[in-house]
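Asks: One letter stands for each residue in the lines below.
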Amino acid sequence: DTAVSQTPKYLVTQMGNDKSIKCEQNLGHDTMYWYKQDSKKFLKIMFSYNNKELIINETVPNRFSPKSPDKAHLNLHINSLELGDSAVYFCASSPTGNVFDEQYFGPGTRLTVT
Amino acid sequence: AQSVTQLDSQVPVFEEAPVELRCNYSSSVSVYLFWYVQYPNQGLQLLLKYLSGSTLVKGINGFEAEFNKSQTSFHLRKPSVHISDTAEYFCAVSDQGAQKLVFGQGTRLTINP
Chain L
1 DTAVSQTPKY LVTQMGNDKS IKCEQNLGHD TMYWYKQDSK KFLKIMFSYN NKELIINETV
61 PNRFSPKSPD KAHLNLHINS LELGDSAVYF CASSPTGNVF DEQYFGPGTR LTVT
Chain D
1 AQSVTQLDSQ VPVFEEAPVE LRCNYSSSVS VYLFWYVQYP NQGLQLLLKY LSGSTLVKGI
61 NGFEAEFNKS QTSFHLRKPS VHISDTAEYF CAVSDQGAQK LVFGQGTRLT INP
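Sequence order for the protein chains is L and D. With this note's numbering as the guide, the letters of the first sequence map in order to residues 1 to 114. With this note's numbering as the guide, the letters of the second sequence map in order to residues 1 to 113.
Isolated chain L (complex conformation) (with noise of 0.2 Å):
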């Protein structure tokens, strides 16, 4: 059984589109998160939810538009895409989202934009 699993696993697409991937737990944690690792394998939290409220925002463009339609779901929207996003896209979960719990990672999404 996976338990954090992401969709599609590789995306590629033209600049100006716009592109959904979609995280799945099933492991009934309260917290879920996206993270974006760049070319340099710098990962960085990009949003957290618990129990579908959004926790964290970091300083990401408002065309990145995370969406939990419950707290097993982590939806991540990205309007209008550019160069500087193709990255790999990693949703994680965490039991309760306090900092030292462990975070389950899922496989990744690898985005190219063209």
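Simulated from the structure, these hints should not be mistaken for lab results. Any given hint could be a false lead.
Where chain L lies over chain D, by a calculated footprint (3+ residues, C-beta under 8 Å) [to be verified]:
hint : region
1    : 45 to 54
2    : 81 to 95
Pair by pair, the computed Cβ-Cβ distance ranges are [said to hold, decoys possible]:
hint : chain 1 : residue 1 : chain 2 : residue 2 : range
3    : D       : 72        : L       : 13        : 34 to 44 Å
4    : D       : 42        : L       : 60        : 23 to 33 Å
5    : L       : 59        : D       : 42        : 23 to 33 Å
6    : L       : 44        : D       : 41        : 16 to 26 Å
7    : D       : 70        : L       : 110       : 38 to 48 Å
8    : L       : 84        : D       : 9         : 17 to 27 Å
9    : D       : 55        : L       : 79        : 44 to 54 Å
10   : D       : 82        : L       : 59        : 38 to 48 Å
11   : L       : 16        : D       : 69        : 43 to 53 Å
Where is the CB? At the ideal position from N, CA and C, for every residue including glycine.
Since the structure of chain L is provided, determine the placement of chain D on it from the hints.
Replies: Chain D in isolation, oriented as in the chain L frame:
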């Protein structure tokens, strides 16, 4: 604000040799420290974490790390590596009371036969 520096971007070692991956952090308050591993084409997985107490922390797969407050370091060690340890290793820090982890740039560990 906290930050993390992983001093080596790549570390090549021979199989069965010991390895140390270095991590230094900066923070003005007490911290939690973590090491995560990313195997090729996978998400990150927790290796170990330091929250409080004993400064020597043991994790999975034979790894351990030592918290050194005076040197603001949290170096990761393994006495004898295997080919399967080939991966990217990330050190992360969080101020106690903060809500997010700050990750280092990662160290690519390559094991040569």
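Asks: For a quick check of understanding: which of the numbered hints are violated here, in increasing order?
Replies: No hint contradicted; all consistent.
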